Amino acid sequence: MDFVVAKKPHAVCVPYPKQGHVIPMMNLAKLLRSKGFHITFVNTEFNHTRLIRSIGPDHVKGPLDFQFETIPDGMPPTDLDATQDGRALCESTRKNCAVPFKELVIRLNSAWPPVSCIVSDGMMGFGSHFLRNSKRIADTLAPVGGLAWRSVFSLSTIYLFHFCVSLHGAASAGTELLSRKDQEIKSGTKREGLVSRERPKLR
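Counting with this note's numbering, you get residues 4 to 206 for the letters of the sequence shown.
Taking CB as the label site, the calculated pair distances span:
(1) Arg97 to Lys10: 35 to 43 Å
(2) Lys98 to Gly39: 35 to 43 Å
(3) Arg90 to Lys38: 30 to 38 Å
(4) Thr52 to Val102: 16 to 24 Å
(5) Lys98 to Pro66: 31 to 39 Å
(6) Cys93 to Lys10: 36 to 44 Å
(7) Glu94 to Lys10: 34 to 42 Å
Distance condition first, Cα-Cα at most 30 Å in a straight line; then the derived BS3-like pairs of lysine-lysine:
(8) Lys64 to Lys21
(9) Lys64 to Lys11
(10) Lys38 to Lys21
For the record, the hints were derived by calculation from the structure and aren't laboratory data.
Nothing here was measured: the structure is a model prediction, and the numbers come from that model.
Glycine is no exception: its CB is placed at the ideal position from the N, C-alpha and C atoms.
All chains should be built: construct the whole structure from the sequences, respecting the hints.
Next comes the structure, spelled out in structure tokens:
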């Protein structure tokens with residue numbers, strides 16, 4: 004079993020710590036796992052604690068190829084409504100998550116399977132930082148067993164949907180949704196700019 008896991012590509016998934024972001028990222032992570040990926044799903048400590056309180060610790064003990072990790076977010080653990088302040092949450096993750104996340108990725112990459120890619124929510128700015136500094140990060144991580152640093156994805160929620168559609172191969176479902184969204188935009192029921200006409204392909 005360990006040998007099989009070691010041969011899998013390893014995706015590190017990092018959602019923004021709000022329900023509307025975590026659930027789509029979780030769905031994408033499950034789809035990637037179904038396609039043969041080893042998954043590390045990264046929650047903030049505050050969000051992870053709230054998740055355990057809500058569904059119990061056994062539900063976050065994934066299988067060998069789907070593991071959970073946490074990074075500090077700077078939110079007060081005793082304030083159950085701390086994440087309701089969107090501006091404070093955004094500022095806190097910006098200030099507190101980048102360094103612990105880099106340390107986590109380095110630690111993950113020293114084990115098997117080494118990290119192949121990072122799938123980062125667009126709201127988690129340090130994912131873009133990794134992208135801008137990909138060569139330096141690659142040198143820091145150092146290839147393990149011949150596997151070099153691959154890529155970083157920075158995704159919005161709408162792109163997460165398109166990734167899911169692409170992975171399922173359900174082009175007709177995506178076309179139907181986009182058509183419906185176009186009609187909503189033309190009728191003025193949706194704000195223009197929220198819909199992408201192109202589905203990104205998983206390379």
